[in-house]
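Asker: Listed below, chain by chain, are the residues.
6 protein chains.
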Amino acid sequence: MKMRDIKILIINPNSNQMMTEAIQRTAVAFADGDFIVDTVSTPGAPEFIDYYMDAAKAAPGMLKLFKENEDQYDGFVVACHSDPNLDLLKEISSKPVVGIGEASMKLATMLGHSFSVISTAEHSIPNKQAMIQNYHLEKYNASVRAPKNEHTSLSAEEIFLNTAKSALEEDLAEVIVLGCAGLSGLDKNLSRELEIPVLDSIVSALVIVTGLVKAGLSISKKRRYSGIQN
Amino acid sequence: MKMRDIKILIINPNSNQMMTEAIQRTAVAFADGDFIVDTVSTPGAPEFIDYYMDAAKAAPGMLKLFKENEDQYDGFVVACHSDPNLDLLKEISSKPVVGIGEASMKLATMLGHSFSVISTAEHSIPNKQAMIQNYHLEKYNASVRAPKNEHTSLSAEEIFLNTAKSALEEDLAEVIVLGCAGLSGLDKNLSRELEIPVLDSIVSALVIVTGLVKAGLSISKKRRYSGIQN
Amino acid sequence: MKMRDIKILIINPNSNQMMTEAIQRTAVAFADGDFIVDTVSTPGAPEFIDYYMDAAKAAPGMLKLFKENEDQYDGFVVACHSDPNLDLLKEISSKPVVGIGEASMKLATMLGHSFSVISTAEHSIPNKQAMIQNYHLEKYNASVRAPKNEHTSLSAEEIFLNTAKSALEEDLAEVIVLGCAGLSGLDKNLSRELEIPVLDSIVSALVIVTGLVKAGLSISKKRRYSGIQN
Amino acid sequence: MKMRDIKILIINPNSNQMMTEAIQRTAVAFADGDFIVDTVSTPGAPEFIDYYMDAAKAAPGMLKLFKENEDQYDGFVVACHSDPNLDLLKEISSKPVVGIGEASMKLATMLGHSFSVISTAEHSIPNKQAMIQNYHLEKYNASVRAPKNEHTSLSAEEIFLNTAKSALEEDLAEVIVLGCAGLSGLDKNLSRELEIPVLDSIVSALVIVTGLVKAGLSISKKRRYSGIQN
Amino acid sequence: MKMRDIKILIINPNSNQMMTEAIQRTAVAFADGDFIVDTVSTPGAPEFIDYYMDAAKAAPGMLKLFKENEDQYDGFVVACHSDPNLDLLKEISSKPVVGIGEASMKLATMLGHSFSVISTAEHSIPNKQAMIQNYHLEKYNASVRAPKNEHTSLSAEEIFLNTAKSALEEDLAEVIVLGCAGLSGLDKNLSRELEIPVLDSIVSALVIVTGLVKAGLSISKKRRYSGIQN
Amino acid sequence: MKMRDIKILIINPNSNQMMTEAIQRTAVAFADGDFIVDTVSTPGAPEFIDYYMDAAKAAPGMLKLFKENEDQYDGFVVACHSDPNLDLLKEISSKPVVGIGEASMKLATMLGHSFSVISTAEHSIPNKQAMIQNYHLEKYNASVRAPKNEHTSLSAEEIFLNTAKSALEEDLAEVIVLGCAGLSGLDKNLSRELEIPVLDSIVSALVIVTGLVKAGLSISKKRRYSGIQN
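Chains as they are written, first to last, in UniProt numbering: chain Z, 1 to 230; chain H, 1 to 230; chain D, 1 to 230; chain V, 1 to 230; chain C, 1 to 230; chain F, 1 to 230.
I should point out that these hints are in silico values taken from the structure, not numbers from a laboratory. Some clues are possibly wrong.
Identical chains share a label here; the pair holds if one copy fits it or two copies do between them.
Unchecked claim - Mimicking DSSO-like on lysine-lysine, the simulated pairs with C-alpha atoms at most 27 Å apart in a straight line are:
(1) Lys-165 x Lys-67
(2) Lys-148 x Lys-165
(3) Lys-188 x Lys-95
(4) Lys-2 x Lys-95
(5) Lys-165 x Lys-221
(6) Lys-64 x Lys-188
(7) Lys-7 x Lys-188
(8) Lys-165 x Lys-188
(9) Lys-148 x Lys-2
(10) Lys-148 x Lys-67
(11) Lys-165 x Lys-7
(12) Lys-95 x Lys-165
(13) Lys-67 x Lys-139
(14) Lys-7 x Lys-139
(15) Lys-64 x Lys-139
(16) Lys-64 x Lys-221
(17) Lys-148 x Lys-221
(18) Lys-188 x Lys-221
(19) Lys-139 x Lys-95
(20) Lys-165 x Lys-2
(21) Lys-165 x Lys-64
(22) Lys-148 x Lys-64
(23) Lys-64 x Lys-95
(24) Lys-148 x Lys-7
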């Protein structure tokens with residue numbers, strides 16, 4: 001398949017329109033005209049996906065979006081780094097569905113000995129660890145780190161840079177994964193400062209999903225993701 | 001980066017010109033004009049990479065090829081499914097280097113619960129298993145299978161189809177990885193017969209390497225692949 | 001806390017009233033008057049929870065049931081062996097919530113070297129395996145088995161007995177876990193035939209949840225299950 | 001089986017009568033009249049079980065106690081957190097035998113993302129780690145911690161509180177397991193201070209053993225714990 | 001240290017004098033005059049160590065033997081393949097103590113991709129698996145096999161040869177470990193037939209223990225095996 | 001086989017004659033006249049093996065050395081702690097070939113709960129970790145440590161002593177492995193200071209290789225190391 005014919009839909013699982021626009025900017029900059037990409041917010045979803053409850057609340061809207069757009073697009077991205085309802089969409093889809101958490105962390109394993117995930121909040125570290133275990137990536141994972149919850153005059157970029165620096169120096173991470181769609185856009189600056197690869201998870205998912213579409217590959221419909229029709 | 005500006009060099013680690021041509025055919029068909037791809041045989045390498053000795057014999061020629069072409073290409077693929085000398089090329093390269101073994105098996109994990117590798121010879125099963133362990137993919141791996149070494153009137157395609165069928169039914173594999181560059185081209189027919197995704201490893205590596213180039217990502221030069229210059 | 005004061009609510013995540021009644025019969029027989037137990041069907045849920053989609057559809061009803069009954073009961077059981085939405089209920093609850101999948105498999109590890117799960121359908125084997133991996137129980141798990149999908153004149157009990165026998169003899173299982181709420185009630189007969197422990201998952205969850213209530217223990221509200229209020 | 005008919009014998013593997021009495025107090029407070037529980041010291045055993053030698057010295061007395069009481073009790077608890085001679089008693093018993101180490105750590109996994117064990121002495125940390133590995137609980141274990149061996153004016157409770165606080169904050173533990181029968185009774189205060197579940201291992205074992213008895217479940221006599229009679 | 005000055009005591013944990021003599025024959029044949037080796041039966045131990053109970057009964061006699069001979073010998077071997085009371089002897093000894101189970105299986109990992117253990121009875125397979133897990137050797141272990149318990153006119157050697165052949169062909173084992181001191185002496189014939197290394201566990205332990213003595217190495221007395229004196 | 005008839009060749013994979021002489025001194029001191037041992041430098045190899053490139057450059061010389069000496073010696077040692085080209089030599093050899101990395105770390109596991117590797121440079125820590133994972137030794141490994149890269153007036157011995165002390169106290173290592181042939185000779189002093197076993201990797205490999213030769217054991221030529229001839 002020709003790249004220029006590929007149409008990707010990015011589903012932002014939350015209802016935050018500003019984040020949707022930021023995701024779309026990152027996606028368009030990466031696509032650079034090579035393929036078509038659109039990003040949509042999830043109707044009825046919370047402003048931010050942080051808890052299991054948020055993921056549950058996002059499910060109906062995500063399903064609705066998927067079904068309405070299934071025929072118009074060739075591949076789908078779930079654009080929250082905790083991959084909410086990813087198994088669900090993989091199950092019902094006959095086209096490629098890629099989570100930005102899964103794609104970014106698995107891509108990171110091909111670029112160095114180990115990666116660290118930079119997360120936004122300390123309370124989400126165990127959830128990230130649980131996700132890393134579900135994807136069987138423990139041996140590639142140097143650490144999950146989040147900035148301390150304290151008052152500071154540093155900019156957000158400086159804060160995340162310091163967090164990543166600790167991962168690089170103390171946890172011996174060789175690659176950094178930005179563990180939130182909201183961190184999209186920080187990758188280039190952080191990478192320049194740290195002199196190691198920093199993965200934007202939106203970009204990572206687009207690498208995988210466009211490649212799958214171009215290769216004519218999709219989710220196996222045998223057993224785990226077989227869905228009701230089979 | 002625009003896809004049409006990306007130039008990939010596929011290094012076939014063996015000296016078998018017919019296999020090089022077959023790899024190039026698969027690569028060109030996948031590229032479909034979207035990016036530029038060339039395939040070269042390794043001078044001085046054996047006709048087939050089967051043993052540790054073959055990989056050692058291929059190393060000098062692969063290094064020579066890499067150095068001669070480092071400036072002209074944006075990304076490199078090592079096109080033997082046992083990923084010979086991949087760590088070596090990752091170490092000396094400042095541009096993306098992707099092994100078809102690593103790429104195909106890691107891509108497979110995003111398409112189903114578990115994958116099986118179809119290999120050409122039974123004696124290579126432990127080597128494949130060792131590679132799967134090095135990539136920490138044991139929990140995603142349903143099995144490594146190779147056709148029995150016995151006389152048969154079946155065609156090669158039928159033999160590998162039967163091997164894959166056993167993986168699908170007895171080992172509960174949901175995705176098949178073709179574990180040899182020489183099997184390139186069988187994926188479409190096998191996938192149609194088995195009704196599950198079958199990954200061509202050349203195609204898989206091209207998905208990853210073009211994506212990395214487009215995203216401006218490369219091997220981390222911190223520690224493990226730092227090379228002598230650092 | 002006195003056992004006779006303990007009130008447990010069993011949430012059957014599906015809407016199948018006959019299954020709800022069967023679960024309640026098992027629960028009442030086990031309670032034997034020692035504690036109070038009620039079972040409810042989930043409004044708006046499918047008749048059977050088999051796929052990720054079913055779990056998603058059951059979530060709103062399960063949340064509604066939980067909130068309406070949070071104050072009247074001391075502990076809660078999710079009565080489907082795939083533990084649908086268990087993380088979600090653990091997150092929002094300040095009282096013990098126990099899944100019959102988690103409870104039965106973890107209890108089984110204290111009774112022998114390894115256990116096998118008997119499931120109802122072959123297509124669900126990978127999902128069970130994924131659950132076993134999430135609970136880090138791989139090393140205790142001899143196998144997941146389901147009856148072959150074929151015509152037979154055998155009774156359901158005979159079919160599951162044969163499946164369990166294969167697990168015992170071929171996979172060296174020493175304990176059997178009945179991997180579906182719908183198999184509740186088969187445990188005594190199977191155990192007598194096989195001469196090894198056979199765990200009913202409803203009973204297993206009641207053991208854990210009543211014990212936690214009596215001990216004054218509940219879900220940690222630190223980080224992973226902290227929920228929005230924290 | 002009715003709870004009020006259940007009779008549990010707690011075997012304190014050491015000969016320290018004061019510890020036996022403390023264990024019995026904890027057990028009686030938990031039972032609260034719901035079931036019958038007795039605790040006995042092991043004749044001929046050391047004052048404290050710390051080393052492999054202590055466990056070996058305790059074995060004859062534990063066997064004697066078990067055999068003398070096998071008919072009078074329905075279930076047995078081994079009340080030292082290193083579970084000395086637990087495999088031995090599981091092997092010879094046709095009734096449930098539960099170790100307080102195994103029960104407390106496995107129960108902890110149902111209450112949060114990860115648990116830390118608080119031990120009494122630093123030299124026992126590797127032994128606890130070995131036990132955690134034997135029970136395949138590494139992925140649930142945040143850390144094993146013991147107070148530093150230094151002079152302090154703090155009370156024992158304050159010392160263990162500080163140790164648990166470090167586990168909670170530095171190791172991200174969400175649940176605390178008190179790793180010694182001698183720490184029994186500290187759980188309520190520590191839990192109040194730390195605001196996370198703190199498991200008393202005597203209580204944990206009583207939850208499991210009474211549940212097993214009530215459910216009519218016992219050790220599998222197939223293979224690993226078959227014993228000589230089979 | 002000169003080899004000819006090294007004195008090793010092999011402790012046969014059972015009281016079977018014929019097995020003790022067979023072990024001593026194997027040991028003397030291996031030593032071939034290079035070092036001094038004696039084998040003793042354990043007073044008060046059972047005729048065969050098969051169950052946890054047998055190990056417990058052997059402990060006092062093994063301790064007595066060790067203490068009586070601690071000064072006269074430079075290193076000690078525990079000559080039952082389940083390594084009964086090995087942790088106990090490691091704890092109290094300041095000289096090398098080697099178990100034939102641990103030594104043979106760890107040596108096997110240096111000779112091929114994976115090994116199979118040939119055991120004497122099917123009921124001991126889970127116990128062997130538990131031992132393999134305790135030594136963290138799962139990834140090197142192809143299988144544990146024991147002859148079926150059935151009437152046959154084959155000789156013992158033929159039976160074990162067939163068992164090993166199945167491990168080699170069906171489980172892809174590349175090395176065989178004889179999993180019982182009682183199988184000592186079969187290694188040469190089996191190795192000739194199978195054309196792969198077959199490890200006698202007595203010989204394996206002597207390799208390790210004489211090497212440790214000669215190198216002046218012994219058990220670390222820090223923490224896990226510190227013993228009471230520290 | 002008599003020890004005095006055993007002839008071992010140590011292949012130093014680098015071309016540094018001073019290191020070759022130091023290795024030979026350690027080997028001769030250990031042999032103490034019991035067996036014959038020679039050490040040779042690898043022609044055409046770099047002065048130090050640090051990177052994958054160094055290992056690749058050493059391969060032809062190591063192969064040449066092996067083939068020239070295959071008939072004269074009974075066993076071979078690869079004397080660089082990263083075990084460069086060890087799989088290659090195992091593949092082509094019908095006699096025992098032992099790597100000092102593999103031998104020292106596996107021997108260490110028999111002497112205590114966990115070991116730390118002391119390496120010479122921080123950038124090699126991930127490579128050591130990758131090697132530890134390939135040998136499936138993660139659960140025995142407390143840490144890999146290297147001295148910080150900073151100016152100091154301390155002697156080399158003091159620097160490595162401090163590094164080992166940190167491993168002992170902070171990582172709870174019970175055994176130290178000297179992770180470089182160049183550290184050979186430090187073991188006795190460090191062991192005296194630290195009061196725990198410190199393994200010289202040259203000595204460790206000689207223990208294993210002489211033992212294998214004496215026992216008549218060698219690399220399995222089935223599958224993984226079968227080589228082209230099979």
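Asker: Checked against the structure, which of the hints given earlier come out wrong?
Answerer: 1, 6, 9, 10, 11, 13, 14, 15, 20, 21, 22, 24
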